[in-house]
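Kindly generate the complete structure, drawing on both the sequences and the hints.
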Amino acid sequence: MNPVKKTFQYGRSTVTLETGRIARQAHGAVLVTMDDTVVLCTVVAKKELKPGQDFFPLAVFYQEKTYAVGKIPGGFFKREGRPTEKETLTSRLIDRPIRPLFPKGFMNEVQVICTVLSTDRNHDPDIAAMLGTSAALCIAGVPFNGPLGAARVGFDEEKGYFLNPTVEELANSELNMVVAGTEKAVLMVESEAKELLEDEMLGAVLYGHQEMQVAIKAIEELTAEAGKPKWDWQPPAENTPLKEAVAQGFEAKVGEAYRVTDKMARQDALSALKAEAVEQLAGEEEGKFDADEVKGAFAALEKRVVRSRVVKGEPRIDGRDQKTVRPLNIEVGSLPKTHGSSIFTRGETQAIVIATLGTLRDAQLIESLEGERKDRFMLHYNFPPYCVGEAGFMGGPKRREIGHGRLARRSIEAMLPSSEDFPYTIRVVSEITESNGSSSMASVCGSSLALMDAGVPMKAPVAGIAMGLVKDADGFAVLTDILGDEDHLGDMDFKVAGSAAGVTALQMDIKIEGINEEIMEVALQQANEARLHILQQMNDVIAQ
Numbered sequence: 001m002n003p004v005k006k007t008f009q010y011g012r013s014t015v016t017l018e019t020g021r022i023a024r025q026a027h028g029a030v031l032v033t034m035d036d037t038v039v040l041c042t043v044v045a046k047k048e049l050k051p052g053q054d055f056f057p058l059a060v061f062y063q064e065k066t067y068a069v070g071k072i073p074g075g076f077f078k079r080e081g082r083p084t085e086k087e088t089l090t091s092r093l094i095d096r097p098i099r100p101l102f103p104k105g106f107m108n109e110v111q112v113i114c115t116v117l118s119t120d121r122n123h124d125p126d127i128a129a130m131l132g133t134s135a136a137l138c139i140a141g142v143p144f145n146g147p148l149g150a151a152r153v154g155f156d157e158e159k160g161y162f163l164n165p166t167v168e169e170l171a172n173s174e175l176n177m178v179v180a181g182t183e184k185a186v187l188m189v190e191s192e193a194k195e196l197l198e199d200e201m202l203g204a205v206l207y208g209h210q211e212m213q214v215a216i217k218a219i220e221e222l223t224a225e226a227g228k229p230k231w232d233w234q235p236p237a238e239n240t241p242l243k244e245a246v247a248q249g250f251e252a253k254v255g256e257a258y259r260v261t262d263k264m265a266r267q268d269a270l271s272a273l274k275a276e277a278v279e280q281l282a283g284e285e286e287g288k289f290d291a292d293e294v295k296g297a298f299a300a301l302e303k304r305v306v307r308s309r310v311v312k313g314e315p316r317i318d319g320r321d322q323k324t325v326r327p328l329n330i331e332v333g334s335l336p337k338t339h340g341s342s343i344f345t346r347g348e349t350q351a352i353v354i355a356t357l358g359t360l361r362d363a364q365l366i367e368s369l370e371g372e373r374k375d376r377f378m379l380h381y382n383f384p385p386y387c388v389g390e391a392g393f394m395g396g397p398k399r400r401e402i403g404h405g406r407l408a409r410r411s412i413e414a415m416l417p418s419s420e421d422f423p424y425t426i427r428v429v430s431e432i433t434e435s436n437g438s439s440s441m442a443s444v445c446g447s448s449l450a451l452m453d454a455g456v457p458m459k460a461p462v463a464g465i466a467m468g469l470v471k472d473a474d475g476f477a478v479l480t481d482i483l484g485d486e487d488h489l490g491d492m493d494f495k496v497a498g499s500a501a502g503v504t505a506l507q508m509d510i511k512i513e514g515i516n517e518e519i520m521e522v523a524l525q526q527a528n529e530a531r532l533h534i535l536q537q538m539n540d541v542i543a544q
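If you're matching positions, the sequence shown starts at 1 in the numbering used here and goes up one per residue.
Derived from the structure by calculation, the hints contain no laboratory data.
Bear in mind the structure is a predicted one, so any value in this text is a computation, not a measurement.
Any given hint could be a false lead.
As the list claims (entries may be wrong) - Below, a list of computed lysine-lysine pairs in the BS3-like style, where the Cα atoms sit at most 27 Å apart:
| # | residue 1 | residue 2 |
| --- | --- | --- |
| 1 | 253 | 230 |
| 2 | 217 | 228 |
| 3 | 288 | 5 |
| 4 | 511 | 86 |
| 5 | 78 | 374 |
| 6 | 274 | 303 |
| 7 | 288 | 303 |
| 8 | 46 | 230 |
As the list claims (entries may be wrong) - FRET-style restraints, in silico, Cβ to Cβ:
| # | residue 1 | residue 2 | range |
| --- | --- | --- | --- |
| 9 | 321 | 300 | 38 to 48 Å |
| 10 | 319 | 525 | 18 to 28 Å |
| 11 | 271 | 16 | 50 to 60 Å |
| 12 | 391 | 183 | 40 to 50 Å |
| 13 | 276 | 370 | 28 to 38 Å |
Note that CB positions come from ideal geometry on N, CA and C, so glycine has one too.
Structure below.
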């Protein structure tokens with residue numbers, strides 16, 4: 001195969017997508033060059049479905065090699081070890097927008113590996129990795145509804161929005177936002193900001209989506225020239241007799257179970273109904289169905305019942321309307337020997353958050369491709385299995401815990417005093433002791449309270465809220481302060497954190513093929529109302 005290249009201008013950077021020269025045995029391989037940053041992105045997918053597979057096994061690995069900046073790894077072994085926090089976060093950043101673009105029912109194993117081969121330290125390689133992954137998936141021929149574009153957006157009062165800022169520009173920017181989406185819709189947002197207004201955040205999302213169209217066009221051209229034949233894949237046919245049998249026997253019962261407001265009691269009721277469905281409908285004899293298929297049909301029924309209620313405007317699972325925040329219970333200073341502590345409870349989600357202060361010598365030393373730096377603010381999030389009533393493996397932090405901790409940190413960081421005004425190292429730990437949705441946002445609220453309890457002179461208190469979405473042909477409904485079930489059965493997880501003056505962090509993940517400006521506008525407005533409500537209750541406790 002002859003190499004194929006496509007080059008385009010992206011902000012002030014020149015980007016080249018190349019395939020056919022490197023990693024030719026991978027199903028899709030694209031070498032992305034952005035100025036002097038070079039990232040190799042590969043895709044391999046299994047054509048055979050593993051027997052009994054009931055989920056989509058997508059694995060994304062982003063890895064940074066120290067040779068990319070002419071360095072030899074430190075330590076005794078002198079080679080790269082376990083993934084760094086940066087590598088884990090970037091792996092998640094790539095995974096989140098590509099996952100909803102695989103068609104429903106596709107459960108073949110797919111592995112994406114992105115390797116940073118060279119970097120100029122002026123740009124974070126994450127955008128190059130996201131573009132390369134999108135291109136590699138498109139040319140691999142796997143069922144994928146791409147291409148996907150990605151862009152980093154900065155903002156300041158003088159220049160307005162600007163595309164793909166350098167590391168130096170980001171240090172002075174009021175916004176650091178990564179937007180990913182298809183030609184028609186936005187799929188993911190990850191951002192931190194210095195108290196920007198909702199309109200400014202929405203404008204940044206729309207600006208990023210508009211600017212990424214040039215990258216999407218280049219990937220389409222590359223695919224047209226170098227793409228492999230599309231897989232002859234068809235979604236599994238719907239088992240209509242099974243769907244009807246499950247609906248006839250259990251729709252009313254599932255509806256009743258979803259009126260039980262207590263999470264654990266509701267789960268017990270649904271588990272009993274599922275077992276009853278399997279017992280009635282599964283078996284070897286004629287007219288019976290496979291047990292796994294019955295479980296799948298039961299899960300689909302649950303989803304239909306909950307979603308149809310929401311779109312009709314009926315009361316939610318716990319009886320709330322679409323805009324109400326769950327009851328709050330806030331305590332500070334509960335742990336006598338800690339520097340600062342809080343217990344933040346919102347409905348059935350609870351976080352115990354502890355703040356500890358140290359000298360600047362306690363700052364964490366970070367070694368990365370950008371060089372060595374000291375980090376004086378750490379925020380760690382722990383999600384033990386007991387918080388959802390389960391017994392599970394206890395070990396180091398998982399990808400999700402690292403990601404949630406970073407989101408909470410982004411939410412708080414802009415409100416911390418400078419090291420000149422407050423020359424201390426700060427460590428915050430959020431222990432999730434109960435979870436029924438939005439534990440990362442409970443961590444934001446609890447962290448703000450614990451820091452103030454420890455005497456940290458924050459610029460302003462910070463609160464966070466998680467919004468959800470149910471969208472179908474009849475319309476859409478945006479939900480404030482979503483439960484775990486609403487997150488699982490809905491179409492969006494939209495988290496907004498900030499002070500009374502503006503937004504400090506925004507994270508959005510979509511499970512469908514994108515959303516439009518109207519939905520984002522409604523979500524931001526409802527989130528603002530909820531955030532101000534929570535801040536008022538936090539301020540009342542602080543005042544005491």
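Here is how each hint holds up against the structure:
1. 253 / 230: Roughly 43 Å separates the two Cα atoms, so the pair is violated.
2. 217 / 228: At roughly 18 Å apart (the allowed maximum being 27 Å), residue 228 and residue 217 satisfy the hint.
3. 288 / 5: 55 Å, violated
4. 511 / 86: Judged against 27 Å, a Cα distance of about 24 Å means the pair holds.
5. 78 / 374: 22 Å, holds
6. 274 / 303: 14 Å, holds
7. 288 / 303: Distance of about 23 Å is within 27 Å: holds.
8. 46 / 230: Holds. Residue 46 to residue 230 sits at ~14 Å (cutoff 27 Å).
9. 321 / 300: 38 to 48 Å: 26 Å Cβ-Cβ, so the 38 to 48 Å window is violated.
10. 319 / 525: 18 to 28 Å: 23 Å, holds
11. 271 / 16: 50 to 60 Å: 53 Å, holds
12. 391 / 183: 40 to 50 Å: 46 Å, holds
13. 276 / 370: 28 to 38 Å: 57 Å, violated
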